[in-house]
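A.B. asks: Spelled out from the first residue to the last, the chains are:
There are 2 protein chains.
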Amino acid sequence: MSNWLDAVKWDEDGLIPAIAQDHKTGRILMMAWMNREALALTAEENRAIYYSRSRKKLWRKGEESGHVQHLHELRLDCDADVIVMQVEQVGGIACHTGRESCFYRVWKDGEWVTTDPVLKDPKEIY
Amino acid sequence: MSNWLDAVKWDEDGLIPAIAQDHKTGRILMMAWMNREALALTAEENRAIYYSRSRKKLWRKGEESGHVQHLHELRLDCDADVIVMQVEQVGGIACHTGRESCFYRVWKDGEWVTTDPVLKDPKEIY
Chain A
16 MSNWLDAVKW
26 DEDGLIPAIA
36 QDHKTGRILM
46 MAWMNREALA
56 LTAEENRAIY
66 YSRSRKKLWR
76 KGEESGHVQH
86 LHELRLDCDA
96 DVIVMQVEQV
106 GGIACHTGRE
116 SCFYRVWKDG
126 EWVTTDPVLK
136 DPKEIY
Chain B
16 MSNWLDAVKW
26 DEDGLIPAIA
36 QDHKTGRILM
46 MAWMNREALA
56 LTAEENRAIY
66 YSRSRKKLWR
76 KGEESGHVQH
86 LHELRLDCDA
96 DVIVMQVEQV
106 GGIACHTGRE
116 SCFYRVWKDG
126 EWVTTDPVLK
136 DPKEIY
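Residue numbers (our numbering), protein chains in the order written: chain A, 16 to 141; chain B, 16 to 141.
A few of these clues could be false.
Because identical chains share one entry, a pair is satisfied inside a single copy or across any pair of copies.
Calculated pairs, BS3-like style, for lysine-lysine (alpha carbon to alpha carbon, straight line, at most 27 Å) [what the hints assert, rightly or not]:
| hint | residue 1 | residue 2 |
| --- | --- | --- |
| 1 | Lys72 | Lys39 |
| 2 | Lys72 | Lys24 |
| 3 | Lys123 | Lys138 |
| 4 | Lys39 | Lys71 |
| 5 | Lys135 | Lys123 |
| 6 | Lys24 | Lys71 |
| 7 | Lys72 | Lys138 |
| 8 | Lys138 | Lys71 |
| 9 | Lys138 | Lys24 |
| 10 | Lys135 | Lys24 |
| 11 | Lys123 | Lys24 |
Hints in this document: simulated from the structure, not taken from any laboratory.
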């Protein structure tokens, strides 16, 4: 395996958080996790491939929904324990709720207020 | 304690990842962790307050460096297990290396290449 994968500081579960940011708008779309294989494949296939902690297997973003994230840039932080990806979000929807971004709730006066619209009914996506 | 803190899905260590994004440029500055107290104080004091996993205590970002992060917006994701903050980065430096962002290394042909300049010598910061 490559040196660049050894440079990553994997956590005790062998994972690293990966943030996906829209390469054009700068909108933060989601954060998920990658294991070594997922990160290697992300670089190899130029698309975001995560590791699903709940399903305990690789998660090729878009495999069901078609909402693939094409990779434009991959960055590592100073502590080598967080990844940022610049991506092109196919379909303009990253969230399983049918919204552009998973971060659709804003804190206001002590409550989480949903501010972003559902762009597509999840039933039509999955 | 407030309901909005109960809505957060804390991990087994009682933490949640918090991403700081420059509210003007959209640049992702850093990702660190918060515990319940840190998140409560972040909202109360309108500045980013993290929990340092290495030092095992609250980390009032900027307490030593002066590089405080003023809070403009706080968001929660669909799974309630990641936070995004829009912040105003005092001094224009978020990273302890003296760079604007902690994500200063870009993947290129199988290597992490440092692309961003050091804006201020860390010895002058700390």
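A.B. asks: For every hint, state whether the structure bears it out.
C.D. replies: To see whether the hints hold, each was checked on the structure:
{"no.": "1", "hint": "Lys72 to Lys39", "result": "neither (30 Å within a copy, 37 Å between copies)"}
{"no.": "2", "hint": "Lys72 to Lys24", "result": "both (20 Å within a copy, 22 Å between copies)"}
{"no.": "3", "hint": "Lys123 to Lys138", "result": "neither (30 Å within a copy, 39 Å between copies)"}
{"no.": "4", "hint": "Lys39 to Lys71", "result": "neither (31 Å within a copy, 37 Å between copies)"}
{"no.": "5", "hint": "Lys135 to Lys123", "result": "within (26 Å within a copy, 36 Å between copies)"}
{"no.": "6", "hint": "Lys24 to Lys71", "result": "both (20 Å within a copy, 19 Å between copies)"}
{"no.": "7", "hint": "Lys72 to Lys138", "result": "within (23 Å within a copy, 44 Å between copies)"}
{"no.": "8", "hint": "Lys138 to Lys71", "result": "within (24 Å within a copy, 43 Å between copies)"}
{"no.": "9", "hint": "Lys138 to Lys24", "result": "between (38 Å within a copy, 25 Å between copies)"}
{"no.": "10", "hint": "Lys135 to Lys24", "result": "between (37 Å within a copy, 26 Å between copies)"}
{"no.": "11", "hint": "Lys123 to Lys24", "result": "between (35 Å within a copy, 18 Å between copies)"}
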